[in-house]
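Here is what each chain is made of, one letter per residue.
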Amino acid sequence: MSVHVVPVRTYVTIFLLLMVFTATTVWVATIDLGPFNTLVALTIAVIKMLLVILFFMHVRSSSALTKTFILAGFFWLLLLMAFTLTDEGSRNLPPPPDGWGSATVAPAAPAKP
Amino acid sequence: MTDAAATHAAEHPPYLAHHFTDIEQQNEAGTLGMWLFLVTEIMFFGGLFAAYAIYRYMYFDGFYKGSHLLDWHYGAANTAVLIGSSLTMALAVRAAQLGQRKALIAFLLLTMLLGIAFLGIKLTFEWSNDYREHLIPGHLFPGMEFDTIKHGPAVQLFFCFYFFMTGLHALHMIVGLGIMAVLVWMAARGRFDAGYFAPVEVSGLYWHFVDIVWIFLFPLLYLIGGTYKQ
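Just so you know, the sequences run in chain order C and W.
Residue 1 is where the first sequence starts when you use the numbering used here, and the numbers rise one by one after that.
Residue 1 is where the second sequence starts when you use the numbering used here, and the numbers rise one by one after that.
By construction, these hints were calculated from the structure, which means they are not laboratory data.
What you are looking at is a predicted structure, and each value in this text was computed from that prediction instead of being measured.
Virtual Cβ for every residue (Gly too), placed ideally from N, Cα, C.
Wrong hints could be hidden among the right ones.
Stated by the list, open to error - Ranges of calculated distance between the beta carbons of each label pair, as one might list FRET restraints: (1) 18/W <-> 36/C: 52 to 62 Å; (2) 18/W <-> 5/C: 23 to 33 Å; (3) 54/C <-> 28/W: 16 to 26 Å.
As the list claims (entries may be wrong) - Covered, in the sense of this in silico footprint (three residues per stretch, anywhere, with C-beta under 8 Å from a C-beta of chain C), are these stretches of chain W: (4) 25-36; (5) 59-73; (6) 80-91; (7) 134-145; (8) 148-155; (9) 210-219.
Work the whole structure out from these sequences, hints included.
As structure tokens, this is what we get:
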């Protein structure tokens, strides 16, 4: 049968890249970027996720049907995030009750793909 | 062996089910089915992430303070442990593809060891510490209730999300450890060879998915507002 065996070197390279990105996300957290800290952290997380999906989970060499299923799944997640957050963001929410602290001024947690 | 059985064995290998044309089709169906399950898992965790995003937006102060009550060192260490376990899982699948039984068992056991290390770090250094510092939400443990006077209600909300998300993630890991124990047992009994290893492959997909969930949990829970103001 036609099995696509990936060389060990590829797996180790992906592992090292994931470690570098983990170190990067910790390092970036030591710099004050304001609301962009969240954006950078999520961008790095998405890159790490893509590395795991494409290489560790062999999606790079999987069938078009499987890829379609995965893309559909993430599209639905995008709908969930986008509609929930736009709805929440467009409401005039009352200020938090006493002792609950203030809400953020900056937009937090942008939608993931 | 009877004649009929001999003819049957010559027609197709024992691991190929009758309703599939060939092993490629069977593997494709298995992989697709596993991904379909993982898509439901994406939506399952996606709902939690959406709720997290809203409450973080509404009570950012509390989430910020709560995040700084966690020690990001343990979170980062666990990220490394889990990424390492993903590497050993990928190598286990590779060993299975090549029909290397001993390497397969060794890499599966190594993956389990790293998974247990992750849960051990979480339990010993994080959750038990949260318990002692009155950070477990609600009145679950009499005498060790959440310290609302010291931290405020919004921080308690953050810890609700923290325990729910990391707890569900840990539950997925425990399930994964059980699956891998079964795989080790099957491999030791010689159930896999270079022609048949689909259970190892799809279990690997599950384990990598659990890794991906943690890749998002780590920055979202441990690194809110950065570490620069500590």
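Okay, the hints, checked on the actual structure:
no.	hint	in the structure
1	18/W <-> 36/C: 52 to 62 Å	57 Å, holds
2	18/W <-> 5/C: 23 to 33 Å	28 Å, holds
3	54/C <-> 28/W: 16 to 26 Å	18 Å, holds
4	25-36	holds (count 6)
5	59-73	holds (count 6)
6	80-91	holds (count 8)
7	134-145	violated (count 0)
8	148-155	holds (count 3)
9	210-219	holds (count 6)
Violation of the numbered hints given earlier is confined to hint 7; every other hint is satisfied by the structure.
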